[in-house]
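Protein chains: 2
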Amino acid sequence: MGREDTIWALAFQEARAAAEAGEVPVGAVLTAPDGTIVASAGNRTLRDHDPTAHAEVLAIRYACKSVGSERLPGYDLYVTLEPCPLCAAAISFARIRRLYYGASDPKSGAVENGVQYFADPTCHHAPDAYAGFHDREAAELLRAFFKSKR
Amino acid sequence: MGREDTIWALAFQEARAAAEAGEVPVGAVLTAPDGTIVASAGNRTLRDHDPTAHAEVLAIRYACKSVGSERLPGYDLYVTLEPCPLCAAAISFARIRRLYYGASDPKSGAVENGVQYFADPTCHHAPDAYAGFHDREAAELLRAFFKSKR
Chain E
1 MGREDTIWAL
11 AFQEARAAAE
21 AGEVPVGAVL
31 TAPDGTIVAS
41 AGNRTLRDHD
51 PTAHAEVLAI
61 RYACKSVGSE
71 RLPGYDLYVT
81 LEPCPLCAAA
91 ISFARIRRLY
101 YGASDPKSGA
111 VENGVQYFAD
121 PTCHHAPDAY
131 AGFHDREAAE
141 LLRAFFKSKR
Chain F
1001 MGREDTIWAL
1011 AFQEARAAAE
1021 AGEVPVGAVL
1031 TAPDGTIVAS
1041 AGNRTLRDHD
1051 PTAHAEVLAI
1061 RYACKSVGSE
1071 RLPGYDLYVT
1081 LEPCPLCAAA
1091 ISFARIRRLY
1101 YGASDPKSGA
1111 VENGVQYFAD
1121 PTCHHAPDAY
1131 AGFHDREAAE
1141 LLRAFFKSKR
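Respectively, the protein sequence lines represent chains E and F. The first sequence runs contiguously to residue 150 in the working numbering. The second sequence runs contiguously to residue 1150 in the working numbering.
In case anyone wonders, no lab produced these hints; they're calculated from the structure. Treat the hints with care, as some may be off.
Said to hold, decoys possible - For lysine-lysine, the following DSSO-like pairs were computed, each having C-alpha atoms within a straight-line distance of at most 27 Å:
{"hint": "1", "chain 1": "E", "residue 1": "Lys149", "chain 2": "F", "residue 2": "Lys1065"}
{"hint": "2", "chain 1": "E", "residue 1": "Lys107", "chain 2": "F", "residue 2": "Lys1147"}
{"hint": "3", "chain 1": "E", "residue 1": "Lys107", "chain 2": "E", "residue 2": "Lys147"}
{"hint": "4", "chain 1": "E", "residue 1": "Lys149", "chain 2": "F", "residue 2": "Lys1107"}
{"hint": "5", "chain 1": "E", "residue 1": "Lys107", "chain 2": "E", "residue 2": "Lys149"}
{"hint": "6", "chain 1": "F", "residue 1": "Lys1107", "chain 2": "F", "residue 2": "Lys1149"}
{"hint": "7", "chain 1": "F", "residue 1": "Lys1147", "chain 2": "F", "residue 2": "Lys1107"}
Modelling step: build the complete structure from the supplied sequences, incorporating the hints.
Here is the structure:
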């Protein structure tokens, strides 16, 4: 596998592991400016009893602790689903450089859907955002998960 | 002091303590359905190396851990400044019942300003929100803080 494939494989592995634990299947991977993978996470809101324990937030928190800073300029985030307002704000505050995501999320997304936070005047740093990576696989994971919950 | 005065005094105490530690002066207090104070916090983004360590998020995280749930129905949040999109989303996800805040924040707020998250169709739970509590004191704290930073 090439570098990008390795990153996405890890993100989807995190998403599937989240689903198996009963969490909404979303996975995220964070890379440093030199391209190395520095953090990965899946949703843990139920396990951690923390409504803010989304995959993106956990990866950002972990990397920030490692680096010893509340900002990660030059870092890129890969996530299987369009970030929600919580995660979009965390991405902005952490000064993430590029955001790559899989499926769009018309119900709760905040990048191309909903509040479109990065385009709002109150957003003081917007990453370069790229959508549509492995979107069918990401959407299918979510569909299967919510179907199993009904 | 009455109950409300005690809560606001604690919120402002947290905000002032944050300022003294070099953090943006915002303080939050969370109360349980029976009215007891269960958590209070000030901003800690610099000290914790965590861009998500806003006062509201910290109070919610703490209370959720105590309760053993990712939701806090019937809980009320008091905060000295209008919540940003990160905190507004955390408040929504935690199912907070009522939000009381001090000063409006045209630059970064997400309740009456900016993305007005609670009014968006992608917001699936909105608290009852009340603004303007001790707003002069809250705004003055912020002004003094940012002036000292220049």
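Now the hints, each set against the structure:
Between the alpha carbons of Lys149(E) and Lys1065(F) the distance comes to roughly 24 Å, so the proposed pair stays at or under 27 Å and holds. A distance of roughly 41 Å separates the Cα atoms of Lys107(E) and Lys1147(F); the hinted pair therefore is violated under the 27 Å criterion. Only pairs whose Cα atoms come within 27 Å are accepted, and Lys107(E) paired with Lys147(E) is accepted, the gap being roughly 16 Å. Taking the CA atoms of Lys149(E) and Lys1107(F), the gap is near 40 Å; set against the 27 Å cutoff, the hint is violated.
Distance check on the hinted pair: Lys107(E) and Lys149(E) sit about 17 Å apart at the alpha-carbon level, within 27 Å; holds. Among the hinted pairs, Lys1107(F) with Lys1149(F) is consistent with the structure: their alpha-carbon atoms are about 17 Å apart, no more than 27 Å. Between Lys1147(F) and Lys1107(F) the alpha-carbon distance is near 16 Å, which keeps this suggested pair within the 27 Å criterion.
Violation of the numbered hints given earlier is confined to hints 2, 4; the remaining hints are satisfied by the structure.
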